[in-house]
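Chains as they are written, first to last, in the working numbering: chain L, 1 to 456; chain R, 1 to 456.
Note that these hints are calculated values from the structure, not bench results.
Copies of one chain are not kept apart here, so a pair can be met inside one copy or by any two copies together.
Derived DSBU-like pairs: lysine-lysine, alpha-carbon spacing no greater than 30 angstroms straight-line:
1. K316 / K339
2. K350 / K339
3. K21 / K36
4. K36 / K316
5. K322 / K345
6. K79 / K386
7. K79 / K173
8. K386 / K21
These numbers come from a predicted model, not from an experiment.
Protein chains: 2
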Amino acid sequence: MPSSAVSYAGQNHPRFLDELKSLLRIPSVSTLPEHKADCRRAAEMLMMELSHIGMENAHLIETDGHPLVYADWLHAPGKPTALVYGHYDVQPPDPLEEWLSPPFEPTERNGNVYARGAVDDKGQVWTQVKALESLLAADGSLPLNVRVLFEGEEEVGGEGIAAFVASRPPDLKADFALVSDTELFAPGLPTLCVGLRGMIYTEIEARGARTDLHSGQYGGAAPNPFVALAQILAQLKDEAGHILVPGFYDDIVPPSPEELAAWRNLPFDEEEYRMAEVGSRQLVGEPGYSVLERTWARPTLDIHGMPGGFIGAGAKTVIPAKATAKVSMRLVPGMTPTKSFGLYKSYVEKIAPPGVDVDVRLIHSGDACLVPVDNRYIQAATRALKEVWGRDTVFIRAGGSIPIVGDFARHLGLPSVMMGFGLPDDNLHAPNEKFNLQNFALGIQSLIRFLEEAGS
Amino acid sequence: MPSSAVSYAGQNHPRFLDELKSLLRIPSVSTLPEHKADCRRAAEMLMMELSHIGMENAHLIETDGHPLVYADWLHAPGKPTALVYGHYDVQPPDPLEEWLSPPFEPTERNGNVYARGAVDDKGQVWTQVKALESLLAADGSLPLNVRVLFEGEEEVGGEGIAAFVASRPPDLKADFALVSDTELFAPGLPTLCVGLRGMIYTEIEARGARTDLHSGQYGGAAPNPFVALAQILAQLKDEAGHILVPGFYDDIVPPSPEELAAWRNLPFDEEEYRMAEVGSRQLVGEPGYSVLERTWARPTLDIHGMPGGFIGAGAKTVIPAKATAKVSMRLVPGMTPTKSFGLYKSYVEKIAPPGVDVDVRLIHSGDACLVPVDNRYIQAATRALKEVWGRDTVFIRAGGSIPIVGDFARHLGLPSVMMGFGLPDDNLHAPNEKFNLQNFALGIQSLIRFLEEAGS
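Chain L extracted, bound-state conformation (with noise of 0.2 angstroms):
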C-alpha cells in the first residue's frame, strides 16, 4: 500500500517530466560568462517552484559568482530537520558534434532523457522538488522539517556555497543533510555512498639555473629540473603502486571485514572496468587490494601535468630554469591532510638531487569522510530503499570527494545522506549525458519514503 504522495508522484510523472525538461532547456553552464544569465534563470525557476509547491521563504543568496537558492518548511516540532543540497548548474556541453540530439533540447530515447545536466545534476534536483510536492500536495505537510540549499557553481569548485556554510548561518540549522548527486552501483541497485577519499594537491617546483639555457652550450653542467623533478617522481612510487613516503600508511583505518564482504558481493567484474570503463593496456595499483579497494579504500599518488619548459609542437633546446610538477594524493579514513602532507614535503625535500632547489607546496586539501552505517538516518533510507527498489541497499565508497559533504560535517556538524539515482553510464561531463526516466520516478518515490522513515 503505497503511502498517498507515493500514488501523487506517480499519477503526476508525465508532468514531472515535462518540467525537467523545462529546467533542462536552460543552459546554466557556470564556467562560461556567457552562461551568467541563464544560471540566475535556472535559480529562478527552482525558487518560483519551491514557493509554488509550497515551501516558505524562498529566496536567492547572492555570492559572488552564481546565487544560491533557499527555502523551508518548519512546521513539525519535534521532528527532525533535513538540508535537502542539489546543484542546478552544468558542465560545458563540448564536444557539440558528439551530441545525437542538441544538448539543451531534452530529448527522449530508449527509456532515457538526453540533456547536459540531465543527471548532474538537475534531474537529481528535480526528484527532491518532485518529492516535497508530492508530500505537501498528498498530505498538506511534510513529515520533517526541510530546508532547501541549491547552488550553482558545483562544477566550478563551489565557493560560494562554501563560504556560506563556513558563515553557520542559523538558515542552515538541521539534523543530516540529504546530499542527491551521486549514483546507483549498477541498474537496479539501491546504493548510498557512506565513505568518500580525501585529498592533497600539490606542487613541487625545481628551480635550477637563474635563467633559461641552451641545453647545447649548457648540457652536461647545468642541472635541469624536470631531470630533478623526473627523479624525485620516481621515488614517490614503485612500479607496483604503493606510495613510498616514509610513514605514508600508519594511520589508515582499514574497511571492515564486513564491509570488505560486501563489496566482495558487489557486481564488479575488473576485466570489463578496464574494458569499457578505463580502455588502458592493463590497470595498475597495489597487488593484493581489489579494484574496488585501491580506489575507494587505499591511498593514491597521482601526477597531473607537469608545467614549464617547451610544450610546442617541435623542437626547442631550452634547460628551463624551473618546472613544476602538480601532484594529488588521495587519502583514506584515519589519515588526515596536515600529517599527510608534512610526511610527503619532508620526502620530496630528502630526496631532491643536488643542482635544484625544491618548493613543496600545498594547493588543497580536503578531508576523507566515513559516515557510519548505523546512523538512524541511513537506515530510515534503507528502509525506504528496500521498499522501493524491492531489494536490500548496498554500501559503497566513492574515491573522490564531495566538498560539500565535508562542508556539511565541518561547519554544520551534518551527516550526509548520500542517495542518487545515476546510473554508472550516464555520460557525466561527457556528450550524451542521460538520465533513466525509471530511475527519475523511482527516485523520487524513494526520496518521498526516505523522508517520511526519516520523520517517523
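Guided by the hints, dock chain R onto chain L, whose structure is given.
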C-alpha cells in the same frame, strides 16, 4: 708591416662603424611577420653593399621565407675558393624594458656598440664585408676566390638556406667555408671553434586510459602516463649524470691528450662559471670530467618540456590519457644519430612500466662535427690570428650545433673555419646585446689577413 688592406681598414674604421649602425637600425626580426619587409631591407642593403665594394653577381635568392644574399668574385685562378657565411636576421628584442638604450638605435657605451644584432650576427657579417672591401680597395683584387652567402632565417631554423645548400647548386662550389658566428673564449684570446656536438631530439609519448579520467574515481586503478614517464626518465640518467642507455658510450672518440691538455690551459674557472653564468646551487654532470669536457666532448641528456594534462594555475584532478616528454641527447664524435636513437628507443620500450603504451619518436637530429686542426685553412687562420692578436690561437669546441656547418660538410664537402669575434658576455639573444668595438676592428683585420694567408 701591415698589409695595405689592413691599413685601409684602419683608416676607414669610423665609416665602417657608421655603416654597421645603419644595418643595426633595421629591425630584421625573422620570427615576427610584421618585420618581413625589414628582413628584406637588410638583405637588400647587404646585396647593394656587396655590389658597391666590387663583388660581382650580387643578387637575392628567394626562399619560402626570407631571401638569401649571394655575391662572388672569382678572378683568382688556381687559388682556393672561400664560401663566406653569416646571417642578417636577429632575435626579437624582448623584454624591451631591460634595454638601457633602444635595441634598434645603436648606441656606443664603454667601448661597445649596443643593439640587437650587434654581435649576432650583423656586426660579424660586417667584419666580413669590410674585410672584402679593404682587400678590393687596397689591392684591386682578392687573394683568393670568394663566394658570399648570407641568410635571414638563422634564428628561426634556417630552412631556406638548408634547402638551397642541399640542392648543391654550382654557385656554392668552394674549398672551405668561413663561418663568422662564434666568439672568443676570453677577451683578447684568438679562438677557433673546431668541434660541435651532434644531437637527437626525441619525444616519448605514454598513453594509458582511452580518455582523460578523474583521479578521484580512477586513482589507484588507471595508469597515469606522467607517473610512467617519470619512471622511464629517472632510468635514463643516474644522479651523477651518467646516461644509462646500454651501449650509448661505446663508440665515443675521446679528445686527444693534447686537446685535453690545451683545454686545461684555457682561462676557465668552474666556480665563476657556476655563479656568473649558470647561477645554480651546484653544477651537475659526470664525475671525473671537467665542465669543458662535459659540455664539449661528452654526450648529455636533457628534458625540455612535458606536454599533457593540466598546466594552468590551481588544481585539476585529471589522469590524462596521454603525456609526452621532450628529451634530447647531445652526441659527440664517434656517435651517430641513427645508432644512438636506436639504442635509446629500444631501452625506453624495454623499461616502460606496465599499463602504458609508449611511442618513441625522433623529431630531428644532427651529426657531431670535428675539424682537424692540421687542415690548411685552420693553419692559415692561426697564422693570421697570431699576427693580429699577438697570441697563439686556442682551439675550442662548442656544446651546441651550428646546423649550417653540418650542411656545408654533408652536401658540399666543405670544412668550416669557425672564426668569430664575440665575447662570452655579449648578451646574445638577451637585452643589451653588444659588440666590442676593438673586436670589430681586430675582426676585420683578422679576416683580411686570414683571406690573404688562405690564398697564399
